[in-house]
Amino acid sequence: MQMTFLDRGGRKMYKFGWKLVVLLSLSVACCQAADLLVLSQNHRPDPFGGVVASDAPGASWLHTIQISAARGGYASFQLVVKSETPCDHCQLAVKFSQPVDVYREWFHFNTPDKHYYPDALVPVRLPYTFEMPDRDNTIQGQKVRAFWVDLWIAPTLKPGTYHGRAILQDGASRKTVPFTISVLRAQIPAKDVVDVDANSYGYGWVRQQFPKTLAGSGPANEEKLFQLIQQYYRIFYENRGIYHILGYGHSGYVDPGFAPELTGTGEQLHIANWDKFDRLFGPVLDGSAFADTRRGPRPIPFMYLPINPDWPGSFLNWGEPGYQAEFKNVVGEMEQHFREKNWTTTHFEVFFNQKKRYKGFNWDGDEVRFSKDNQYFLIYKKFLQETLPANTPVHFVMRADSSWTAGQQMRLLKNTIDLWCVGGGEFVWYADQLPALKQRGDTVWIYGGTPAVQEVSSAITFDPLRAWILGVDGFVRWLAVSPGPHPWHALSDGGTETLVYSGDRFGLAQPVPSIRLKLQRNMVQDLDLLELEAKHGSREAIQEQVVHLFDNTKVSQWKHSPSPPPKGNPIDWSNADFGDALKPYDDQFPTPQPDAWQRVHDFALQQSKTLQSGGAQ
Amino acid sequence: MKYAASFLLCLCMAVAPVYAITSANQEHDLNEIARVATLVVDGDVCQRIVTPRALQYMLHPNPRDRWSGGDNYDVNTPAFISTKKILMRLALMVSYPVDVNLWMPVPTTSRIQLVIRNHYDLSQFANNELDQKMPPEMQQVLQTGKTVTVRKKPEMISVLAPVRNSLDQIVGLVEVVSSTAPPTHDEQ
Numbered sequence: 002m003q004m005t006f007l008d009r010g011g012r013k014m015y016k017f018g019w020k021l022v023v024l025l026s027l028s029v030a031c032c033q034a035a036d037l038l039v040l041s042q043n044h045r046p047d048p049f050g051g052v053v054a055s056d057a058p059g060a061s062w063l064h065t066i067q068i069s070a071a072r073g074g075y076a077s078f079q080l081v082v083k084s085e086t087p088c089d090h091c092q093l094a095v096k097f098s099q100p101v102d103v104y105r106e107w108f109h110f111n112t113p114d115k116h117y118y119p120d121a122l123v124p125v126r127l128p129y130t131f132e133m134p135d136r137d138n139t140i141q142g143q144k145v146r147a148f149w150v151d152l153w154i155a156p157t158l159k160p161g162t163y164h165g166r167a168i169l170q171d172g173a174s175r176k177t178v179p180f181t182i183s184v185l186r187a188q189i190p191a192k193d194v195v196d197v198d199a200n201s202y203g204y205g206w207v208r209q210q211f212p213k214t215l216a217g218s219g220p221a222n223e224e225k226l227f228q229l230i231q232q233y234y235r236i237f238y239e240n241r242g243i244y245h246i247l248g249y250g251h252s253g254y255v256d257p258g259f260a261p262e263l264t265g266t267g268e269q270l271h272i273a274n275w276d277k278f279d280r281l282f283g284p285v286l287d288g289s290a291f292a293d294t295r296r297g298p299r300p301i302p303f304m305y306l307p308i309n310p311d312w313p314g315s316f317l318n319w320g321e322p323g324y325q326a327e328f329k330n331v332v333g334e335m336e337q338h339f340r341e342k343n344w345t346t347t348h349f350e351v352f353f354n355q356k357k358r359y360k361g362f363n364w365d366g367d368e369v370r371f372s373k374d375n376q377y378f379l380i381y382k383k384f385l386q387e388t389l390p391a392n393t394p395v396h397f398v399m400r401a402d403s404s405w406t407a408g409q410q411m412r413l414l415k416n417t418i419d420l421w422c423v424g425g426g427e428f429v430w431y432a433d434q435l436p437a438l439k440q441r442g443d444t445v446w447i448y449g450g451t452p453a454v455q456e457v458s459s460a461i462t463f464d465p466l467r468a469w470i471l472g473v474d475g476f477v478r479w480l481a482v483s484p485g486p487h488p489w490h491a492l493s494d495g496g497t498e499t500l501v502y503s504g505d506r507f508g509l510a511q512p513v514p515s516i517r518l519k520l521q522r523n524m525v526q527d528l529d530l531l532e533l534e535a536k537h538g539s540r541e542a543i544q545e546q547v548v549h550l551f552d553n554t555k556v557s558q559w560k561h562s563p564s565p566p567p568k569g570n571p572i573d574w575s576n577a578d579f580g581d582a583l584k585p586y587d588d589q590f591p592t593p594q595p596d597a598w599q600r601v602h603d604f605a606l607q608q609s610k611t612l613q614s615g616g617a618q
Numbered sequence: 002m003k004y005a006a007s008f009l010l011c012l013c014m015a016v017a018p019v020y021a022i023t024s025a026n027q028e029h030d031l032n033e034i035a036r037v038a039t040l041v042v043d044g045d046v047c048q049r050i051v052t053p054r055a056l057q058y059m060l061h062p063n064p065r066d067r068w069s070g071g072d073n074y075d076v077n078t079p080a081f082i083s084t085k086k087i088l089m090r091l092a093l094m095v096s097y098p099v100d101v102n103l104w105m106p107v108p109t110t111s112r113i114q115l116v117i118r119n120h121y122d123l124s125q126f127a128n129n130e131l132d133q134k135m136p137p138e139m140q141q142v143l144q145t146g147k148t149v150t151v152r153k154k155p156e157m158i159s160v161l162a163p164v165r166n167s168l169d170q171i172v173g174l175v176e177v178v179s180s181t182a183p184p185t186h187d188e189q
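Residue numbers (my numbering), protein chains in the order written: chain E, 2 to 618; chain C, 2 to 189.
These aren't lab readings, by the way, just hints derived from the structure by calculation. All values reported here derive from a predicted model rather than from experimental measurement. Any given hint could turn out to be false.
What the hints assert, rightly or not - Derived pair list, reagent style DSS-like, types lysine-lysine, alpha-carbon separation capped at 30 angstroms:
1) E:LYS382 <-> E:LYS329
2) E:LYS383 <-> C:LYS153
3) E:LYS373 <-> E:LYS568
4) E:LYS213 <-> C:LYS86
5) E:LYS277 <-> E:LYS383
6) E:LYS584 <-> E:LYS555
7) E:LYS225 <-> C:LYS154
8) E:LYS277 <-> E:LYS415
9) C:LYS86 <-> E:LYS373
10) E:LYS439 <-> E:LYS277
11) E:LYS415 <-> E:LYS373
12) E:LYS225 <-> E:LYS213
13) E:LYS144 <-> E:LYS225
14) C:LYS154 <-> E:LYS329
15) E:LYS329 <-> E:LYS373
16) E:LYS536 <-> E:LYS159
17) E:LYS584 <-> E:LYS439
18) E:LYS277 <-> E:LYS342
19) E:LYS213 <-> E:LYS159
20) E:LYS382 <-> C:LYS86
21) E:LYS213 <-> C:LYS153
The task is simple: from the sequences and hints, build the whole structure.
Have a look at this one:
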């Protein structure tokens with residue numbers, strides 16, 4: 002029968018039909034417009050139309066989204082533009098009655114697993130015109146452009162339901178995605194219950210990351226550098242974190258601006274000039290650097306001082322009367338300056354970061370391993386006490402970052418150290434000392450790293466949650482500004498040393514945030530609400546429910562280690578011993594699901610409704 | 002006369018930074034510091050700086066712990082401090098930034114270790130490791146006792162000079178180093 006059809010006429014018809022089908026297909030493909038979809042904040046897209054593997058469980062592509070949010074914070078979701086065909090002039094707009102920030106998501110090629118992950122968020126102005134594929138991101142076969150949407154829910158906004166819509170224009174085609182925000186009466190407190198700290202060292206990295214912004218030299222260049230550093234303070238503050246930058250090296254050299262300029266030696270050593278220090282830190286210490294942020298101006302709560310074994314006292318005079326004379330003169334004048342400037346809310350940290358292995362000094366200030374090194378903290382505490390007026394309103398605090406000998410140091414340096422920063426895992430071994438530390442008025446933080454982009458999105462919430470469950474005051478990400486040499490096309494370590502990226506590539510003289518930073522911010526907002534609820538109800542019950550929803554664990558698992566510290570003297574412990582002892586604790590926690598924090602968020606909002614209606618006990 | 006002396010002093014101080022950057026005499030200055038360093042740095046004291054325990058961990062690192070050498074690094078405090086103070090004083094022989102670093106061979110190996118570094122963290126050799134491969138320039142100083150000038154990195158000049166002990170053995174060397182680039186640091 003077929004042979005009959007394929008006679009001369011039929012064969013011609015067949016050939017023509019084939020061509021028609023191909024032409025029609027091509028024509029349909031050419032005219033196929035881009036689609037606009039929504040993903041929740043917890044499921045990150047990949048550039049090829051899927052969701053990254055670690056976030057895939059539970060992911061749904063939506064045509065609309067409904068979010069509940071408390072006031073005084075942000076609510077977030079992702080808009081995803083999918084297109085099988087190139088698009089030269091797509092345009093995205095968002096219509097909403099309240100402030101909206103939209104960022105384009107950058108897909109980083111992650112060298113450890115050779116997959117793409119969105120992380121850096123580049124702010125865009127709306128309406129935003131873009132192309133598919135993204136010529137800048139240069140991904141072969143890219144079919145997706147993604148955008149992070151932050152909705153600012155002002156503290157004064159009237160509770161109720163607010164509607165908005167996102168609009169994608171692709172040639173003649175127009176796609177609209179409606180969204181709804183239920184604004185609750187609950188208000189996120191201005192002060193965070195947990196200080197989530199982003200740490201950094203020196204500012205050589207700023208020059209490396211901002212070659213365009215910091216091109217040239219001279220006073221104008223220095224001013225740009227100082228402004229950039231202030232931008233780092235701003236980005237972490239606006240995203241409900243704090244920021245630290247250490248201004249001296251392991252051998253004691255202090256970068257210009259991190260300390261006042263000195264003149265003289267010995268008894269004649271004095272501060273000569275505050276100009277650079279005041280230009281660099283004045284705006285963050287009086288809060289004016291944050292004047293136009295959504296959270297409003299507020300002085301930074303903590304700051305490293307430049308004090309180290311070779312500043313202000315010269316190590317040349319160590320052990321002699323001249324050393325203390327130099328310390329006393331300069332630190333006394335610092336106290337006076339800070340008092341006159343009314344910088345009386347910031348905690349100025351005397352922190353020793355040097356380690357013997359770097360060969361600058363003979364004792365470890367950071368992570369003391371040899372007990373004999375503790376004597377130096379006692380000496381500097383004495384210097385401080387003999388220098389500062391008894392009734393000073395300026396807060397000088399002695400800080401110790403501790404791991405090997407945390408348990409010993411908490412006892413030996415009682416009333417010497419005011420601010421403790423202890424490794425997150427090992428702190429659990431010594432958590433029974435926390436009430437005594439708090440009773441003395443000490444501040445206690447735990448520290449650790451940052452999850453890689455290939456880990457599940459909810460991983461970023463684990464350590465801040467642990468800080469809240471343990472009852473400490475904060476969590477420090479030990480390095481949070483270092484995306485590596487080629488972050489845009491070869492993220493070398495999964496971004497485990499950064500939560501922000503340089504905006505230099507995009508003509509921005511500021512850092513840009515990351516998805517992980519936004520997720521962390523949103524969870525801190527929830528922690529703030531939960532703390533409010535815990536204060537009004539049963540803390541135990543609320544925390545128990547939170548960890549159950551998060552990863553189906555119990556609070557006791559978070560607070561107690563099933564295994565003790567390694568046996569013997571810490572001086573004989575190895576990192577392997579440490580790891581072995583910590584493993585049973587770490588193994589208690591399964592990898593959280595992508596929606597793990599979403600469940601906690603929903604619970605926090607539900608509890609806040611109960612609290613508002615007077616239902617809490 | 003008093004006015005003239007003050008004026009001369011001020012002029013010298015004002016010129017000093019420019020001198021540091023432009024003068025061909027910089028190498029002469031560093032050589033002079035190195036010459037004095039060889040005379041005043043006590044090699045016997047230097048040999049007592051790194052503790053025997055630290056050396057054991059450096060030579061025999063824990064196979065399960067790549068950081069064991071660094072975590073167990075320790076020094077004999079009096080020996081370290083007295084030597085560091087001498088190196089700091091030597092650096093003050095000129096009015097521009099100079100570091101005088103102490104390097105010593107790692108016993109029983111062909112490697113070398115930085116034992117004391119100074120304020121500006123200047124060095125043409127330091128790589129932030131506990132010990133490192135012996136650079137040929139250092140090998141030459143240790144073998145011949147002659148001073149060697151090194152210009153490997155742009156903007157930097159180092160003069161290497163021997164350190165001797167009471168047996169007149171060369172037990173280490175100083176790196177007298179200066180740079181025309183502003184110092185920076187990003188250590189963690």
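Verification of the supplied hints:
1. E:LYS382 <-> E:LYS329: holds, 12 angstroms
2. E:LYS383 <-> C:LYS153: At roughly 45 angstroms apart (the allowed maximum being 30 angstroms), LYS153 (chain C) and LYS383 (chain E) break the hint.
3. E:LYS373 <-> E:LYS568: Status holds; Cα separation ~20 angstroms.
4. E:LYS213 <-> C:LYS86: violated, 41 angstroms
5. E:LYS277 <-> E:LYS383: Judged against 30 angstroms, a Cα distance of about 29 angstroms means the pair holds.
6. E:LYS584 <-> E:LYS555: holds, 17 angstroms
7. E:LYS225 <-> C:LYS154: The given pair, whose Cα atoms are some 28 angstroms apart, holds under the 30 angstroms limit.
8. E:LYS277 <-> E:LYS415: Violated, at roughly 36 angstroms.
9. C:LYS86 <-> E:LYS373: holds, 21 angstroms
10. E:LYS439 <-> E:LYS277: violated, 36 angstroms
11. E:LYS415 <-> E:LYS373: With Cα atoms ~16 angstroms apart, LYS415 (chain E) and LYS373 (chain E) stay inside 30 angstroms; holds.
12. E:LYS225 <-> E:LYS213: holds, 11 angstroms
13. E:LYS144 <-> E:LYS225: Not OK: LYS144 (chain E) and LYS225 (chain E) at ~38 angstroms, beyond 30 angstroms, violated.
14. C:LYS154 <-> E:LYS329: Roughly 39 angstroms separates the two Cα atoms, so the pair is violated.
15. E:LYS329 <-> E:LYS373: Since the Cα atoms of LYS329 (chain E) and LYS373 (chain E) sit roughly 24 angstroms apart, the hinted pair holds (cutoff 30 angstroms).
16. E:LYS536 <-> E:LYS159: holds, 25 angstroms
17. E:LYS584 <-> E:LYS439: holds, 28 angstroms
18. E:LYS277 <-> E:LYS342: holds, 15 angstroms
19. E:LYS213 <-> E:LYS159: Roughly 44 angstroms separates the two Cα atoms, so the pair is violated.
20. E:LYS382 <-> C:LYS86: holds, 24 angstroms
21. E:LYS213 <-> C:LYS153: Answer holds: LYS213 (chain E) to LYS153 (chain C) is near 28 angstroms, not above 30 angstroms.
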